[in-house]
Amino acid sequence: MTVRAGHASLRVEADARVEIRLTVNGSPEVVDVEPRRLLVDVLRDDLDLIGTKVGCDTSQCGTCTVHLDGRAVKSCTVLALQADGHEVATIEGLTAGRPAGPDLQPALHPMQAAFVEHHGLQCGFCTPGMIMTALDLVARVAEPSEADVRTAIHGNFCRCTGYQSIVASVIAGAEAMRAENDPAHGSAGPAASETPA
Amino acid sequence: MIPARFAYDRPASLEEALGLLGEANGSARPLAGGQSLLPVMKLRLARPERLVDVGGFDELRGVRWLDDGRLAIGALTTWAALLADPRVMAYGLLADAIPTIGDVQVRNRGTLGGSLAHADPASDIAAPMLALDAELVVRSAGGERTVAMRDLDAGPFVTTLAPGELITEVRLPGPRDGVGSAYVALPHPASGYPVAGVAAVVGGGLDAVAVTGVGEQPYRATAVEAALRAGVPIGEAVATIVDGQHVLTDPYADRAYRGAMAKVVAERAIAAARRRAG
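Protein chains in written order, with our numbering: chain A, 1 to 197; chain B, 198 to 475.
Because the hints were derived from the structure by calculation, they are not lab data. Just to be clear, a hint being listed does not mean it is correct.
As the list claims (entries may be wrong) - Output of the computed footprint for chain A on chain B, the stretches with three or more beta carbons under 8 Å from beta carbons of chain A: (1) 243-254; (2) 306-315; (3) 354-367; (4) 415-422.
To be verified - A few chain A residues that face chain B, going by a derived Cβ cut-off under 10 Å, partial list only: (5) Arg11; (6) Lys74; (7) Thr77; (8) Gly155; (9) Asn156.
Cβ coordinates follow ideal geometry from the N, Cα and C atoms, glycine included.
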């Protein structure tokens, strides 16, 4: 958080709690936390956003990856207080604003659809983190190479796939996102949307 | 895992933060990106009574040229920001080292100053900073001083900084003609930390060689430097790379293996630096 000139300082004693305000998937949220509360626990336990997983809980496996102010972070290694006043995006936010399909479920984000299409998951436990990390990459590199993808997912472990299908999924997902953002080129993504996530 | 209880301060200004850190007299730790401190707090290897969150101070972020031609990096600048800065990536050894630190998520949040203050004996960045003879600007409520990188570490996870002191800036020598540099590490395949890592800055009268992951703290291999200055071939010069060091050992890399790998990566780093020096 940018501490603005004149912004009040904050002090929370060890046995006290404090209200924090954060934006999660575009919605303002107010949560009551103690200083040692971790962001991932606020997301899962207070806000019921259980798409974000806890695997190792030691900043290694990456399945807790969310976006904090647009960049991928491991939410098991961020204090909830560090997210006070900031914007968080989780896997649940990706389908927001996408038109519902015939089953009345919102259409998948093109990156999610690519993981389905290219068998980028087996058990699925790593998938939310993989996808959030992939989207951090695509935000910086619209047309990532295989090497770009492998570098990007270095901090995301998958114990099922051997990664090959995940790499293929991310490359295909990036291509679908480019097509969605520029429908004049390439085949349309799975769901054109007025508000791309 | 949940850290032990701690109090949290988010001061409105750097001056207030320095005041709080000074008052706490060592019972408080500054929190920057948290990528080193929070993991050890979750494992309860560290139990600070109070965290002073300095992570929001924009004046400690960013890269700028100093009037004397040196490059100054704000202590809160993240690895991701450094990777995106061509002035930083122009240093061969930083372009080698920074992509090997942590992973994308850690580099998005982890900071240069926080990492240096953590003083990990296997820190990747310590070797380039030592080889470059980086200078650290350190502030406290009492004022400001500079500390040579060579004088920062006092042992594993211990620095010479006094309670209440905060690293605010890191200053590197500016571009120099005929100087080349490189960092080569053998990363542990699971943790990514260097089993042995060596940074070299050579040419233009310089023969700086720094080692990380090998001794109880990162160090300058002065005997190797002297041999290189005397014109000894690289392969022979690196023979003394672990001289005078208590070489770390663990079930994955014992003393003999780690020392042998230190020679291998030193040879590669020095050779690469010489090639880049042209």
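Quick rundown of the hints versus the structure:
Given as covered by chain A, the stretch 243-254 of chain B passes the check, having 7 residues with a CB less than 8 Å from a CB of that chain where 3 are the minimum. Requiring three or more residues with a Cβ within less than 8 Å of a Cβ of chain A, the coverage given for the stretch 306-315 of chain B is violated, as only 1 such residues are present. Counting residues of the stretch 354-367 of chain B whose C-beta sits closer than 8 Å to any C-beta of chain A gives 0, which falls short of three, so the coverage hint is violated. Check on the stretch 415-422 of chain B: 0 of its residues sit with their Cβ under 8 Å from a Cβ of chain A, so the three-residue criterion for coverage is violated.
Annotation: interface hint on A/Arg11 holds; nearest CB of chain B at approximately 5 Å, less than 10 Å. Using the Cβ-Cβ criterion of 10 Å, the hint placing A/Lys74 at the interface with chain B is satisfied: the shortest such distance is roughly 5 Å. The criterion of a C-beta within 10 Å of any C-beta in chain B is met by A/Thr77, whose closest approach is roughly 5 Å, and the hint holds. Annotation: A/Gly155 was flagged as interfacial toward chain B, and the flag holds, the nearest CB pair being 3 Å apart, inside 10 Å.
With 10 Å as the threshold, the beta carbon of A/Asn156 comes within range of chain B, its nearest partner Cβ sitting at about 8 Å, so the hint holds.
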